[in-house]
Amino acid sequence: MVEFKELSYEVVEVGETFMSDDFLIKPEDVATFAFAVDDYNPWYFEESPFGGKITHPVLLGNQALFMRHCKYMISAGLHAKIQFEFLEPTRPGMRVRSHGKVIDKYERRGRHYMVTQFETIEESTNTVLTRGQFTQMLFPKSGVHQDAKNS
Amino acid sequence: MQKTADAIQIGETLPITKKAISQRQIDCYSGVRPHSIHTDVEWAKKKGFAAPLAQALMSTAYISQIMVQFLGEGFVKGGKLSAAFIKPVLAGDVLTAHAVVTHKETEGDQVRITVECWCQNQDGVKTMVGTASGLAKDLKISGTRK
Numbered sequence: 001m002v003e004f005k006e007l008s009y010e011v012v013e014v015g016e017t018f019m020s021d022d023f024l025i026k027p028e029d030v031a032t033f034a035f036a037v038d039d040y041n042p043w044y045f046e047e048s049p050f051g052g053k054i055t056h057p058v059l060l061g062n063q064a065l066f067m068r069h070c071k072y073m074i075s076a077g078l079h080a081k082i083q084f085e086f087l088e089p090t091r092p093g094m095r096v097r098s099h100g101k102v103i104d105k106y107e108r109r110g111r112h113y114m115v116t117q118f119e120t121i122e123e124s125t126n127t128v129l130t131r132g133q134f135t136q137m138l139f140p141k142s143g144v145h146q147d148a149k150n151s
Numbered sequence: 001m002q003k004t005a006d007a008i009q010i011g012e013t014l015p016i017t018k019k020a021i022s023q024r025q026i027d028c029y030s031g032v033r034p035h036s037i038h039t040d041v042e043w044a045k046k047k048g049f050a051a052p053l054a055q056a057l058m059s060t061a062y063i064s065q066i067m068v069q070f071l072g073e074g075f076v077k078g079g080k081l082s083a084a085f086i087k088p089v090l091a092g093d094v095l096t097a098h099a100v101v102t103h104k105e106t107e108g109d110q111v112r113i114t115v116e117c118w119c120q121n122q123d124g125v126k127t128m129v130g131t132a133s134g135l136a137k138d139l140k141i142s143g144t145r146k
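Chains A and B, in that order, give the protein sequences. Note that the working numbering has the first sequence beginning at 1, numbered continuously upward. Note that the working numbering has the second sequence beginning at 1, numbered continuously upward.
The hints are simulated quantities; they were obtained by calculation from the structure and are not laboratory data. It cannot be assumed that every hint is accurate.
[Said to hold, decoys possible] Among the chain B residues that face chain A by a calculated CB cut under 10 angstroms, a handful are:
hint, residue
1, K3
2, I16
3, I26
4, G31
5, K47
6, Q55
7, A56
8, L57
9, I63
10, V68
11, Q69
12, G108
Just so we're clear, the structure is a prediction, and the values are computed from it rather than from any experiment. Backbone N, C-alpha and C fix where the C-beta goes; we use that ideal spot for every residue, glycine too.
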């Protein structure tokens, strides 16, 4: 049983780990992603040089980002930075899961950040498909964000 | 057809990708849920934004699109992307994604091609800056950075 907590700078701990739910990459996920980012490369729908269809390289970025939701309630946050390393092509039909670890948290100019390292793995072979890290700015509990005015 | 490493020039500008970002696309990318700054208009306003925000990761997809077109397999397997998101992107914004070749370096028996990349909105304001790289197929390279 998971006891969900509200994610905050005070609560999150360096060294704590996350694990996403497993996810079967379905053709409809590939199609939805293509619409969302307006990228219909034929490698994602027909044939690629890797043999068969592959997916957009960053299709699973959200699985990594959302693995924190398996532990925390996150009302809002802004993505500050991300690094990806694409090790193997991702394909429809793969069942994948992301694992992560908080490697840093810090305060800068009155703002709170957390840094999470992640790997996304194909479950049947334990092959690492993508790895990287992301830095997330955490909203204050009061709500309105300082960066909102630049819109 | 992707270029070979020796045909890629430092300073080369890659074709620009333009994206008019609709709320519907953001909904598909992020998944609709209440109390989301991406898909809940009232919640976004409560958090101080004029409209829902496009998820920052969408900009990495635009850069990936450029890199897959540029380096093909060498980005899908062996590619790297590092990005900082410096301004919010709102539903209705029109982004252009840009990339310029900055480095060519031998990596094993291949050549890593690095670009400086960024996205900017319809007002010319940069919203994302970073670098991306991938491996070029051809080994016949001249002018490799030492």
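Restraint satisfaction for B:V68 [CB to CB of chain A, less than 10 angstroms]: Nearest chain A Cβ about 6 angstroms off; hint holds.
B:A56 as an interface hint toward chain A, with CB separation required under 10 angstroms: holds, 4 angstroms
Hint check: 10 angstroms Cβ-Cβ cutoff, B:K47 to chain A: holds, 5 angstroms
Cut-off 10 angstroms, beta-carbon criterion: hint that B:Q69 touches chain A: This interface hint holds because 8 angstroms falls under the 10 angstroms limit.
Cut-off 10 angstroms, beta-carbon criterion: hint that B:I26 touches chain A: Hint on B:I26: holds, closest Cβ of chain A at ~8 angstroms, below 10 angstroms.
Supplied contact hint for B:G31, tested at 10 angstroms Cβ to chain A: Holds, about 8 angstroms.
Per-residue hint verdict: B:K3, partner chain A, C-beta under 10 angstroms: violated, 15 angstroms
Restraint check, 10 angstroms cut-off on beta carbons, for B:L57 near chain A: holds, 5 angstroms
Status of the B:I16 interface restraint (C-beta, 10 angstroms, chain A): At about 14 angstroms, which exceeds the 10 angstroms cut-off, the nearest Cβ of chain A leaves the hint on B:I16 violated.
Interface restraint verdict for B:G108 against chain A (beta-carbon cut-off 10 angstroms): Violated. Min distance 15 angstroms.
Closest C-beta approach of B:I63 to chain A relative to 10 angstroms, hint status: Cβ of B:I63 sits 9 angstroms from chain A, so the hint holds.
Agreement of hint B:Q55 with chain A interface, Cβ distance less than 10 angstroms: holds, 7 angstroms
In the structure shown, a violation is registered for the earlier hints numbered 1, 2, 12, in ascending order.
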